[in-house]
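Trainee: Sequence:
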Amino acid sequence: MKRALLSTVFLTIIFIVSTSSSLRPSFQTINDVAWLIGKWERTNVKVGTKAFEYWEKESESSLRGIGFSMRGADTTFVEKLKIEQREGTLYYVADVRENTEPIYFKFTKLSEYGFISENPEHDFPKMISYELRDGQMTATISDGGDKKASFIFKKMD
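Using UniProt numbering, the first residue of the sequence shown is number 1, and each one after it goes up by one.
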């Protein structure tokens, strides 16, 4: 009886530790998101519009990106993007015209298929996620609830 109880307690502790560590990675590096590097074209756009994200390695601790949309020859939207590593944690950084300062989103989940970054203090979005499956990248912005938008990309190079 005592042995069964100890086994149950031991397995419960292992489960809790393994679950919490998968939700909060202890050390993250730029190499964990190197799959972003390259040129991506958005596939779910309105007719007559094109949209892209370009990512490149800026340093051993950061990726630099740009997201932009075009209608014909006119650029209709631009955002400067960055993923940077600070003290073992990754941050997704978005710099858009509407904000006076870049907005930082802390990585809260990281897997071989993508990541989730969050900033609960920001109005919208509060959450930004990227997922790579079968050569298709999906970026989703949300308020953490029902309000969300997904952007689907295919790699150009």
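Simulated from the structure, these hints should not be mistaken for lab results.
Values in this document were obtained by computation on a predicted structure and should not be read as measured data.
All C-beta atoms, glycine included, are put in the ideal place defined by N, C-alpha and C.
Worth double-checking, as some hints may not be accurate.
Calculated pairs, EDC-like style, for lysine to aspartate or glutamate (alpha carbon to alpha carbon, straight line, at most 16 angstroms) [unchecked claim]:
hint	residue 1	residue 2
1	39	60
2	148	134
3	148	123
4	147	101
5	82	60
The calculated label-pair distances, taken between Cβ atoms and stated as ranges, are [as the list claims (entries may be wrong)]:
hint	residue 1	residue 2	range
6	45	144	24 to 30 angstroms
7	145	71	18 to 24 angstroms
8	154	34	15 to 21 angstroms
Trainee: Of the numbered hints stated earlier in the document, which are not met by this structure?
Mentor: Failing hints, ascending: 1, 2, 4, 7.
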